[in-house]
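**Student:** What follows is the residue order along each chain.
2 protein chains.
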Amino acid sequence: MKEFKLAIIGFGTVGRSLAKLIIKKSEYLRKKMDLKLKVVAIFECNGAFINENEGINLKQIVDIPPSDFTKIKDWKPDYLADDHLKSLGFDIMAELTKTNIKNAEPAYTYIKTALNNNIDVVTSNKGPLALYYPELMKIVKEKNRIFRFEACVGGVIPILGTYNNLLLANKVIAISGILNGTTNYILTKMTLEKIPFEIALKEAQEHGYAEADPSLDIYGIDAASKLVILANSILGYESSLNDVKCQGIDKITPEAIELAREDGYVIKHVATAISGKLEVAPKLIPEDHTLDINGTKNIIILETEEAGDIVISGRGAGGIEAASAVLSDILYICNIRKKEN
Amino acid sequence: MKEFKLAIIGFGTVGRSLAKLIIKKSEYLRKKMDLKLKVVAIFECNGAFINENEGINLKQIVDIPPSDFTKIKDWKPDYLADDHLKSLGFDIMAELTKTNIKNAEPAYTYIKTALNNNIDVVTSNKGPLALYYPELMKIVKEKNRIFRFEACVGGVIPILGTYNNLLLANKVIAISGILNGTTNYILTKMTLEKIPFEIALKEAQEHGYAEADPSLDIYGIDAASKLVILANSILGYESSLNDVKCQGIDKITPEAIELAREDGYVIKHVATAISGKLEVAPKLIPEDHTLDINGTKNIIILETEEAGDIVISGRGAGGIEAASAVLSDILYICNIRKKEN
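Residue numbers (the working numbering), protein chains in the order written: chain A, 3 to 343; chain B, 3 to 343.
No lab work stands behind these hints, which were simulated from the structure alone.
Honestly, I wouldn't trust all of these hints.
Unchecked claim - The list that follows gives simulated cross-link-like pairs (lysine to aspartate or glutamate, DMTMM-like), each with its CA atoms no further than 20 Å apart:
1) 340(B) <-> 144(A)
2) 173(B) <-> 29(A)
3) 38(B) <-> 342(B)
4) 145(A) <-> 36(B)
5) 340(A) <-> 144(B)
6) 34(A) <-> 240(B)
7) 40(A) <-> 56(A)
8) 61(A) <-> 76(A)
9) 341(A) <-> 342(B)
10) 34(A) <-> 308(B)
11) 61(B) <-> 308(A)
12) 4(A) <-> 342(B)
13) 140(A) <-> 36(B)
14) 40(A) <-> 5(A)
15) 73(A) <-> 54(A)
16) 196(B) <-> 208(B)
17) 33(B) <-> 144(A)
18) 279(B) <-> 305(B)
19) 33(B) <-> 240(A)
20) 61(A) <-> 308(B)
21) 78(A) <-> 54(A)
22) 26(A) <-> 305(B)
23) 340(A) <-> 36(A)
24) 34(B) <-> 240(A)
25) 33(A) <-> 144(B)
26) 143(A) <-> 342(B)
27) 145(B) <-> 36(A)
28) 34(B) <-> 144(A)
29) 143(B) <-> 36(A)
30) 26(A) <-> 308(B)
31) 143(A) <-> 36(B)
32) 253(B) <-> 215(B)
33) 22(A) <-> 308(B)
34) 26(B) <-> 305(A)
35) 26(A) <-> 307(B)
36) 22(A) <-> 307(B)
37) 173(B) <-> 36(A)
38) 114(B) <-> 137(B)
39) 34(A) <-> 144(B)
Sequences and hints are given; from them, build the entire structure.
**Tutor:** Pasting the structure below:
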């Protein structure tokens, strides 16, 4: 049985969901894939769980609050990724800290450090990819590393792998989609219940679909980050967040939605990448158009040269969906590295 | 640059489209993937193009009618796959003959022969997989071969690769979908234009969406074959075509469709695999349900344990779509084998 050592950075929703999923799937991994994932480090901002020999006992820690970390034998306070990431021995790093869209730190540094140390990387963090995609890919190439980030885009939709593995023979010309579940939920509410933006936003917050500070969602920054990642990895762009013409949904009124409806249209927050141009903006979409989906769902349309449109849709990301994408990426790496040895 | 030798069996619509695609993509393959596909053999039922050294000049033959094959230097009349498949040297076989749903021959024998000779195989032929899936997978495992068949299911939708590569961490519980573009076209016509089955079928034939003998489509055999392949490869079933409870669309009347519509339903020809049971039958689907798609489109819903439904849709297969899927499969194999050497 092949064993892979894993370091996790960030033990929030996604990190904990990943730990739970690893516990749940360990039997399956052993039996069906003949492999074991040993988590040797989990870094938080004030310390880390570390157990290089036996691996961390995940069951012991997945449900405890941060205030109880100190009760765990493997917890090392003040043991920080900044100081120890380089010296620790592991095969794969899962960077799961919160997206920082201003300068992508500290994730950007962690990912560079790992890649430069010949570690394969998976991430659910949009920041580094939305801001420094070309730089990161250069290191990936130089170091012959695998870097996967399915969890960053399109929620549960396995779009990057679909593209990477399956459309090898086909050229994608353009991408369009609804890449943010929160704004789609708000617009759906406004349309069906004829309520103003502020009230729909409030409901989204009450249901946990929108953050206390919803600005990344409603101004389109989150969708724009995903669009940059999709366009760079699928269309070969070398863009960053600043290249996206971005318009939020905060100015949409129930009256505008009603006027659109009278003409057979709905208003959707649509991301498009075509002919080198990137845009996230409210658009008039004909009712029953492929993009006319409701609720928190995400949808991506790949316009291909040889095969028309390929459409893929699924739930927007929550913790468990993101963790499932992260684990898929990890197992993809394991499969490749296993064959090499 | 790594060179892979390819043998193609069947030079009909898919075979010719594949040859055209290989010509079109050769520059891309060389530059971006550092590989060359050399087609050393193309078998037809009455002879073969053979050029083991330089490879067949595809440009010379892609558009000529069978009656002109004898004008080509590489054409060897009466050189048949049955006699020569074993002795010929090549890396990958593309089995693209017409599906024979009775006994899957001659494709079944060709594929077994190739696998047993340590050749990797791709196919667009549903017969062998719908009838002998477990047997073939046993040889694949014993011989450590790669066997891909994306073109067999769901038209342009890259469903198998999506599953194989990306949902590693996620369990699919059930599959449902519309797997045949012809019946969906006919039902769509019947619904929108309130015309009887026979007339809609005739229009489908006039538009080239239905064969002169449409029985495989309208009785659900084609959809059932695809369902078997999906269920076996994604849900781990070991089923064959006989296990599918199969009902055609030939008994559907405009009156039934109208009655359904009055209650807010449409009639769709739906394939389902759940709890070990396989079925293809006309079903009442609520209007605006995910499966309520029109025209020749295919759609597949994967119900997952961790991530809700993942939906993927695209055009039903034509020659170029199938060829695109076949080439993707071929390049997948090249990528894997390249890394091994």
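**Student:** It remains to establish, for every hint, whether it holds in the given structure.
**Tutor:** How the hints compare with the structure:
1. 340(B) <-> 144(A): Holds, because 19 Å separates the two Cα atoms, which is no more than 20 Å.
2. 173(B) <-> 29(A): holds, 14 Å
3. 38(B) <-> 342(B): holds, 17 Å
4. 145(A) <-> 36(B): holds, 19 Å
5. 340(A) <-> 144(B): Answer holds: residue 340(A) to residue 144(B) is near 19 Å, not above 20 Å.
6. 34(A) <-> 240(B): Holds - the C-alpha atoms of residue 240(B) and residue 34(A) are around 17 Å apart, at most 20 Å.
7. 40(A) <-> 56(A): Judged against 20 Å, a Cα distance of about 8 Å means the pair holds.
8. 61(A) <-> 76(A): Status holds; Cα separation ~13 Å.
9. 341(A) <-> 342(B): Given that 20 Å is the threshold and the Cα spacing comes to 7 Å, the pair holds.
10. 34(A) <-> 308(B): holds, 18 Å
11. 61(B) <-> 308(A): Roughly 19 Å between the alpha carbons, so the hint for residue 61(B) and residue 308(A) holds.
12. 4(A) <-> 342(B): holds, 18 Å
13. 140(A) <-> 36(B): The hint holds at about 18 Å.
14. 40(A) <-> 5(A): holds, 7 Å
15. 73(A) <-> 54(A): Holds, at roughly 19 Å.
16. 196(B) <-> 208(B): At roughly 18 Å apart (the allowed maximum being 20 Å), residue 208(B) and residue 196(B) satisfy the hint.
17. 33(B) <-> 144(A): Roughly 18 Å between the alpha carbons, so the hint for residue 33(B) and residue 144(A) holds.
18. 279(B) <-> 305(B): Roughly 15 Å between the alpha carbons, so the hint for residue 279(B) and residue 305(B) holds.
19. 33(B) <-> 240(A): holds, 19 Å
20. 61(A) <-> 308(B): holds, 19 Å
21. 78(A) <-> 54(A): Holds, at about 13 Å.
22. 26(A) <-> 305(B): holds, 19 Å
23. 340(A) <-> 36(A): Satisfied, since the Cα-Cα distance of roughly 10 Å is no more than 20 Å.
24. 34(B) <-> 240(A): holds, 17 Å
25. 33(A) <-> 144(B): Cα-Cα ~18 Å, so holds.
26. 143(A) <-> 342(B): holds, 18 Å
27. 145(B) <-> 36(A): Distance of about 19 Å is within 20 Å: holds.
28. 34(B) <-> 144(A): It holds: about 16 Å lies between the C-alpha atoms, which stays within 20 Å.
29. 143(B) <-> 36(A): holds, 15 Å
30. 26(A) <-> 308(B): holds, 11 Å
31. 143(A) <-> 36(B): This hinted pair holds, its Cα atoms lying about 15 Å apart.
32. 253(B) <-> 215(B): holds, 17 Å
33. 22(A) <-> 308(B): holds, 12 Å
34. 26(B) <-> 305(A): holds, 19 Å
35. 26(A) <-> 307(B): holds, 12 Å
36. 22(A) <-> 307(B): Given pair residue 22(A), residue 307(B) holds - Cα atoms ~14 Å apart, limit 20 Å.
37. 173(B) <-> 36(A): With a Cα-Cα distance of about 17 Å, the restraint between residue 173(B) and residue 36(A) holds, given a limit of 20 Å.
38. 114(B) <-> 137(B): This hinted pair holds, its Cα atoms lying about 9 Å apart.
39. 34(A) <-> 144(B): holds, 16 Å
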